[in-house]
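Residues per chain, in single letters:
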Amino acid sequence: MATGIRDKVAIIGMGCTRFGERWDADAETLMVEAFEECLEDSGLEKKDIQAAWFGTCMEEINVGKTGMPLSVTLRLPMIPVTRVENYCATGTEAFRGACYAVASGAYDICLALGVEKLKDTGYGGLPNPGSNAGTLVWQWWPNISAPGCFAQLASAYAAKYKIPDRDLKRAIAHVSVKSHANGVLNPKAHLRKAVTEEQVMNAPIIAHPLGLFDCCGVSDGSACAIVTTPEIAKKMGKGKNMVTVKALQIALSNGEERGFNRWDGEHFMTTSKCSTLAYKEAGIDDPKKEISMMELHDCFSITELVTYEDLHISERGKAWRDALDGMYDRDGKIPAQVDGGLKCFGHPIGASGLRMIYEMYLQLLGRAGERQLENPRYGLTHNLGGFPFQNICAISIIGKYEN
Amino acid sequence: MGIRAEAPLQTALTTLYRNRKMLLGLVGGVCRECGTPQFPKSDVCVNPECGAVHSQDDYEFADQPARVKTFTGDMLSVSVDPPNIYGMVEFENGGRFMADFTDCTLDEVKVGLPMQMTFRRRVVDMERGFSSYFWKAKPVPGAAVEADKVDFSGRVAIITGAGGGLGRAYALELARRGAKIVVNDLGSARDGSGKGSATPAEKVVKEITDAGGEAVANYDNVATPEGGENIVKTALDAFGRVDILINNAGILRDKSFLKMEPENWNAVIAVHLKGAYNVTRPAFRVMKENGFGRIIMTTSAAGLYGNFGQTNYSAAKMGLVGFMNVLKLEGAKYNIKVNTIAPLAASRLTEDIMPPEIFEKMKPEYVVPMVAWLCSDQCEVSGQIFNAGMGYYSRAAIMTGRTVALGDNDNLPTPEDIHKKWDDINNMEGAKELYDLNAAMMDLLTGGASDTAEPEKADTADISPKDVFEMMPQAFKPEAAAGVDVVFQYVLDGPRGGEWYVAVKDQKCEVRSGMADKPTCTIKMTDDNFIRLITGKLDPMQAFSSGDLVVEGDIMKSQLIEKLFTLK
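Chains as they are written, first to last, in my numbering: chain A, 1324 to 1726; chain B, 2 to 569.
Hints in this document: simulated from the structure, not taken from any laboratory. Ideal placement from N, C-alpha and C gives every residue a C-beta, glycine not left out. Keep in mind that a hint or two might mislead.
[Claimed, not checked] Calculated lysine to any residue pairs in the SDA-like style (CA-CA distance at most 20 Å, straight line):
| hint | chain 1 | residue 1 | chain 2 | residue 2 |
| --- | --- | --- | --- | --- |
| 1 | A | K1596 | B | R396 |
| 2 | A | K1611 | B | G241 |
| 3 | B | K433 | B | R396 |
| 4 | A | K1331 | A | L1600 |
| 5 | A | K1596 | B | P49 |
[Claimed, not checked] Which stretches of chain B does chain A cover? Using the computed rule of at least three CB atoms under 8 Å from a CB of chain A, they are:
| hint | region |
| --- | --- |
| 6 | 360-373 |
| 7 | 404-414 |
| 8 | 420-430 |
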């Protein structure tokens, strides 16, 4: 009988570059920057790493296919390197591979690294899917954009719960205002300017009703983690204040949302299921009481808002009120996007999942500087790839080792 | 639907070969095992409870009834005619997909709007060597009007005193439009005396359920807090929520003032004023929690304007107006709108006061549409009073005249000073409506500053934007307006601000307050700056570049204003 990942893997080192428009750095430089911080944090040497998982999403652009961009860049000593890709959930997928390798007992020490270099591609946002997107994609959604897909959550959410458009707009504005306020405190964040609710509400529309400040941009950056078992971590002298993995879950759409008349278009079926399994794996009975902080996949403000409900923290139809009441602000009950989130820390696709875990890790170790929260216990990360109607949801929960 | 048939070359041939029918005829599949229509036809059934393999026959979606499920207007997407309006359509008999609504404007599209699929065009991209077949979803003719209808589906309404007259008429109409109703009626005599009878409420419930609606009866007395709690509890027990409350219950005990014994006074206050408090308080709690509420108070012309022999009733009725004024503020954050109706209708309370022929025309049915509108999701106003009856509708408001400032701390005003300024103080010309106590204070203080303020300020205080808009038709120069068809929308901030629009067409000029449907351009500024601009004290270009004047829409057209009007 499977027993899940809880407390079978310890994170002993993490690193993350500054995210942003890194004209100064190529993808290789970013990988090295994140890796050096991580290796120093772990106290290990490169030769101690036995296997690696490498996450990058837009593979044609600036990084390359296979695991070799990682093995060659870091000059890893001819060890196994696996490249993974699962849309925007790629970073968590890489972490998951490294964790499972350690938990299985196949290896003692593994590396997970995600990277993306997007700002010098010459276009804004993400590229339209090309021929790599599958034969049916052109029939399903020939002309949509990412903001247009996620914006539809808002129309469906407002209709289902009969929320006036203006009220919903204000609630999602608050989501962005909060993330911007947090981003100000983060020296590694891409965007570090506070914005007001009025600025957000009056910004040009990108895809109705999402305006400029409801959308995250893309960034250059890299993040990584070194994992081992708690036993080895203790032997390395990391027993005190050890951070372990409590849950790792991924759920993928099967096309039901897009093709079968059941889903109302206002939430994520995957996240709803994935979070339930993650809480079970972590032994969490009441997430609203037990989760101390979260990093959510706020590619768009409305995504974050409905995710509050899919994580079973806000009640259905009530997240917009909770957001306005400040429940997810940094001084709220369950702070979300403490590091600024995708919105402000930035979104280098392959690195984002690991970046979220990085912030939770810093918080748990009391190393988050000005952003430090008081004595957090569990941190949740939610990493989403795809579209509301067909997506990949990856959730991790990490926390202090309490055994 | 934007089916872009063949995109990059390596997928184009396979896709086109496999899916010709799908592209040209909007053909998907229907599962033989579970009957689920699906698009596209796939190897494995999309119904998660079925999952049958190779079970699908062809199924044509083109003529299937469909509705909008989600939508957006996307400035970034690629379409035949960007910016693109698209979303998910859901077919009533099963199946859904992303569709283009490209011929619609954004405000035409609503979740639930009935759509039909039509083939739009085949586009050949010579450069890249592939062709695209575009289907689109367009609204079913008349569907948009249908979708704009006031609809109470999913809403729960409490109507007090709904056993007869107005209350019954409200209940029937709201129920007909989908609301679940709590029909409250004590079933007592007109003056509130006698033992209650369940019959009137039960009768109305039966009328509603016979017509296919949902309703429950409640016989509690609004005059007690327990009664009010119980009425709301009835709604929660039966339907799980409360969205609409119409405080309609009332009794009459008319007497000229000296004959008005305390019991008559108290009984009327208890039902009308305390009754509204007793029911509204528990209902407001639920509405606040849900983030939605529509509350109606019932006042009366007797209270608003006075009527002989009804001191008790009139006091209670104006008490409700004060009650509303505060509740509108406390409910604003939670989308709770509170409005007051002054119905003019024949009911038990009025049948022997009116001559029979007028009584005949005073049907509750003339009041019902106004109340139903005020209860609707679409209705955005709060804190307003409406007269309604016999086919006539108007708004009543507390208006405040222009402030006159007299004296100061060293030189306190005397009764003689009041007398001297009596004509000014008593003058209601230029009177305005003030939103709340703060606005009233601000108005009193700033409006009264004219004796001491800067001369420029005094100028701007003398003439109000409202005056300007009233003068506008006279200042209009028809000779300059040949061929001009524009709508200027003004949105002015500040205590004397508001919304007006000026429509110029066929060399005629029309000025109205409120928001125009499709303004050519929208001009936003403060009330004071507007006056300074009009009186030539503010340069428009300077104001525009400093941000004091914001023009949205067609900026070039806004420059016509100077040509079309001479205002000095």
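**Message:** For the region 420-430 of chain B, count the residues whose Cβ lies under 8 Å from any Cβ of chain A; is that count three or more?
**Reply:** violated (count 0)
**Asked** Can the region 360-373 of chain B be counted as covered by chain A under the rule of three residues or more with Cβ-Cβ separation shorter than 8 Å?
**Response** violated (count 0)
**Request:** Quickly compare the C-alpha distance for A:K1596 and B:R396 to 20 Å and report which way the hint goes.
**Result:** violated, 52 Å
**Whether chain A covers the region 404-414 of chain B (at least 3 residues having a Cβ closer than 8 Å to its Cβ atoms)** = violated (count 0)
**Proposed proximity, A:L1600 with A:K1331 (alpha carbon, max 20 Å)** = holds, 17 Å
**Asked** Does B:R396 lie within 20 Å of B:K433 when you go C-alpha to C-alpha?
**Response** Status holds; Cα separation ~14 Å.
**Message:** Checking one constraint from the list: CA of A:K1611 to CA of B:G241, max 20 Å. Satisfied?
**Reply:** violated, 24 Å
**Request:** Given the hint that A:K1596 pairs with B:P49, test it: the Cα-Cα distance must not exceed 20 Å.
**Result:** The given pair, whose Cα atoms are some 15 Å apart, holds under the 20 Å limit.
Comparing the model with each earlier hint shows violations of hints 1, 2, 6, 7, 8; every other hint is respected.
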